[in-house]
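S.K.: Residue strings, one per chain:
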Amino acid sequence: MNVKYLYSLILVIALFLMAYAGVEMAGLQIVFGIIVPYVAVAIFLWGFISKILGWANSAVPFRIPTTSGQQKSLDWIKQNKIDNPSTTAGVVVRMALEILVFRSLFRNTKMALHKGVKLIYSWEIWLWVGALAFHWAFFVTVTRHLRFFTDPVPFPITILENVDSFFQVGLPLVFQSGVVLLAALLFLFLRRLFEPQVRYISLAADYFPLFLLIGIALSGILMRYFIKTDIVAAKELAMGLVTFKPCIPETVGSIFYIHLFLVCTLLAYFPYSKLMHFGGVFLSPTRNLANNTRMQRHVNPWNYPVKTHTYEEYEDDFREKMIEAGLPVDKDKE
Amino acid sequence: MAEDLPKAEEFLTNIDHKVPDTAWMDTPTEIRKGMYCYASNPKSVETLGLPNARKWSATDDDWQLPENWQEIIHNGFKERLERFRSLKVFMDICVRCGACADKCHFYIGTGDPKNMPVLRAELLRSVYRNDFTKIGKLLGRAAGARKMTLDVLKEWWYYLFQCSECRRCSVFCPYGIDTAEITIMGRELLNLIGLNIDWIATPVANCFRTGNHLGIQPHAFKDMLDFFVEDIEEVTGVQLEPSFNRKGADILFITPSGDVFADPGTYTCMGYMMLFHYLKEKYGFDITWSTYASEGGNFGFFTSHETMKRLNAKMYAEAKRLGVKWILGGECGHMWRVINQYMDTMNGPADFLEEPVSPITGTKFENAKSTKMVHIAEFTADLIKHNKLELDPRRNDHLKITYHDSCNPARGMGLLDEPRYVIKKVAKHFYEMPANTIREQTFCCGSGAGLNAGENMELRMAGGLPRANAVRSVHEKHGVNMLACVCAIDRAALPPLMEYWVPEVDVTGLHELVANALIMPGENDRTTDLRGEDLPETEDDADE
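Chains as they are written, first to last, in numbering that gives the first Met the number 0: chain A, 0 to 333; chain B, 0 to 543.
It cannot be assumed that every hint is accurate.
[As the list claims (entries may be wrong)] Within a straight-line C-alpha distance of at most 25 Å, the following computed SDA-like cross-link-like pairs (lysine to any residue) qualify:
no., chain 1, residue 1, chain 2, residue 2
1, B, K319, B, G361
2, A, K80, B, I437
3, B, K136, A, Y271
4, B, K427, B, P494
5, A, K117, B, E70
6, B, K136, B, L11
7, A, K114, B, S242
8, B, K136, B, E78
9, B, K153, A, Q196
10, A, K114, B, L11
11, B, K363, A, R296
12, B, K32, B, P5
13, A, K117, B, K476
14, A, K114, A, L131
15, A, K117, B, P433
[As the list claims (entries may be wrong)] Some chain B residues near chain A, calculated using beta-carbon distances under 8 Å:
no., residue
16, W23
17, S85
18, C96
19, P112
20, P217
21, L224
22, A312
23, R320
24, K324
25, E377
26, E439
Note that these hints are calculated values from the structure, not bench results.
Owing to the predicted nature of the structure, the values given are computational and were not obtained by experimental measurement.
Think of the CB as a built atom: it goes at the ideal place given N, C-alpha and C, for glycine as much as any other residue.
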């Protein structure tokens, strides 16, 4: 019945096998280790920048912030400076909270028709927890990976790694971010699958990135803890890419190529998908503008004159009736 | 009230939030009686010079569209993507997390999944993907894209007129995606090929010609206020003299014409008149009404940005012609979103006006220094704070009041505490509805954005259910019997909603409450309120 997620799942498995077969059977290390990454990064940069420029090129004719609190009004009425900002500083705080801790999503409620007679709304925190866990774990994981692209590894990244493996479990030490990442992704997937309303609105394009990310996380975890690969060789390959002196060290295992290929797919897919919410959230006019249009005039770049019904025309229509009713008129009866 | 509406209890048990078995793109839209508004009268469309004026009905198979309607929609869409970053960003970034789904009063009340804000937007987004994105063109349905067909168009029309542009979903959306914005654009596109509803098009045409939505001509407008003068004299013994179109007045007053026309808005209108008279007698306050700019509301906002601008232009034009210092605006919902977020940009700069200062308290309304228009709740709150009004709140003692935040002043402005302050000063019994249903989370009356017609009563009762349900909870808990609001559409829409869901509760505007408490200079001993109902016995009376 619900084939949308099946298609996406099959597609991600196919990508997985493609990389495996490409490296193991066809010996296409150069394709998967050098060509694909460069192409993917190029598509990502080109697509991301064009998308942002495309949005930026569209006008912002009106200031339409969603006001989620008390406006700036009389001196003795307390303004909600964050949820209804009237200054740039307020907007910056509002945006920071939105982007860093998903403030709007934190408000989420769930409606239930209690016993068929009463509507009840309760705080629904799990989507926020899942989303926040995923995004922060993803951020930590990506940042952590910078150790493969830098030599020497900058100090903050080493610290991050140490914090991330704080609990000192396992050998090699388990990164919490990886575990959280995978768990959050599974939660988001299961929620999409089992919550009827969310399943109903979901497109294949909603499942695909989930599976892709799950695939990336799984292959990464496999590589680190189970099917070990030569990590020094992997870094050599990565450094080769970023220094534009690409090379293919022989001891890199196929699991690495699979991981890399899925990441490349994500990069190339990113700008053409809903994942662009990452860029879009910064440009959302209901959040990134101050509610100050009564204080400060905002100009619409394409404002054009329109046909109105002037007072003169109005008085021409009704002059006699107005005079009769004792209403003042500009032009007396001729 | 429509006769074929089921009993309230039955209505409730019929609500089903189960999703259909078929995917939404494969679920055909049935245009159902009671859920849609009648098509626009061609005369009104002609008056405005809008395209494709003709007689048509939504239930006809043939909507008599221009031959190249698909091209018109496509080009219109393209143009709006360039003109409005909001539209372009909102078309691209939704992740379908579903946080908005159960935030919509129409979804809660109808259970129709296409009333989930996310799906309402997907109706447009699917066509956007097909027409404007590479991946949509390449993958089609698999990427959530679909071609614009007559069925899709009908679906747009049906559901874009089941959204009241209340912005509640946008409070919860992690990216601030605002369905109001999407509905506004969608309706704008529909208007390009002559698909509007009469409840919007005719008021707009009226407003264009006569200055107000109801088509009240200047002499009749004056007559109506003169009737109120008589009513007020009957209740208070005080004789008022409102002034109209008077050049050289200090301030111009503009309020929705609904307040002039129908109960209970009329009592709010009397409230304004009494307040102005009081201030004139005590402090020499100088204000004029206008018959030309006799509409605060703006149904043009529900038609297109251009139409909104055409109607709104009268406010500044009239202020300039009369030579007033600034403008005071009455209680209205979408009127204030237009004034707060659009007016100055569209029709400003208002450099012929002065920065508003209350002539009575000397308070500078800093928050309105560019637009030069002040909300009457701000104005009155300031008066009360400075002790400029003599009030007897005991006259409102028979009322247990709760306050309904109108969508637009709440989420398109942030006018939340001013009206609450005023209510608490003019009445003693005030109770808030549950936190998830007020302030920025307030629920729509179910009839906003031009949907308060008679033929779509089922839709209105469904959309108003969450609001009514919250009123019921305070009615049961505290015995609330009066629902106060600052919106003319509320005053028209909430009475039938209350009658249907919570018949024990009545509806009032803010300034009706103010006027009932206001002790007018030279007034006689009032025995009734403005509605002619007996005032509660005051303690002094009880002692005798």
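S.K.: Check the hint pairing K363 (chain B) with R296 (chain A) against an upper bound of 25 Å on the C-alpha distance.
M.R.: holds (18 Å)
S.K.: Given S85 (chain B) was flagged as interface, is its beta-carbon under 8 Å from a beta-carbon of chain A?
M.R.: Holds: closest Cβ of chain A sits about 5 Å from S85 (chain B), inside 8 Å.
S.K.: May I ask you to test the interface hint for W23 (chain B) with respect to chain A, counting a Cβ-Cβ separation under 8 Å as satisfied?
M.R.: Cβ of W23 (chain B) sits 7 Å from chain A, so the hint holds.
S.K.: Going straight from one Cα to the other, do K427 (chain B) and P494 (chain B) come out at no more than 25 Å?
M.R.: holds (23 Å)
S.K.: Please verify that hint: R320 (chain B), Cβ, nearest Cβ of chain A, below 8 Å or not.
M.R.: holds (6 Å)
S.K.: Taking 25 Å as the top limit, are the C-alpha atoms of K117 (chain A) and K476 (chain B) close enough?
M.R.: Holds, at about 14 Å.
S.K.: Given the hint that K32 (chain B) pairs with P5 (chain B), test it: the Cα-Cα distance must not exceed 25 Å.
M.R.: Holds, at roughly 14 Å.
S.K.: K80 (chain A) and I437 (chain B): Cα distance at most 25 Å?
M.R.: holds (19 Å)
S.K.: Hinted pair, alpha-carbon criterion (25 Å max): K136 (chain B), L11 (chain B). Please report holds or violated.
M.R.: Cα-Cα ~43 Å, so violated.
S.K.: Quick check on the hint: A312 (chain B) CB to chain A CB, less than 8 Å?
M.R.: Interface hint status for A312 (chain B): holds (4 Å vs cutoff 8 Å).
S.K.: Closer than 8 Å between Cβ atoms is the bar; does K324 (chain B) clear it against chain A? Give me holds or violated.
M.R.: Violated, because the Cβ-Cβ distance from K324 (chain B) to chain A comes to roughly 16 Å (cut-off 8 Å).
S.K.: Next item in the hint list is E377 (chain B). Is there a CB on chain A closer than 8 Å to its CB?
M.R.: Given a least distance of 6 Å, the restraint on E377 (chain B) holds.
Checked against the numbered hints listed earlier, the structure breaks hints 5, 6, 7, 14, 21, 24; every other hint is satisfied.
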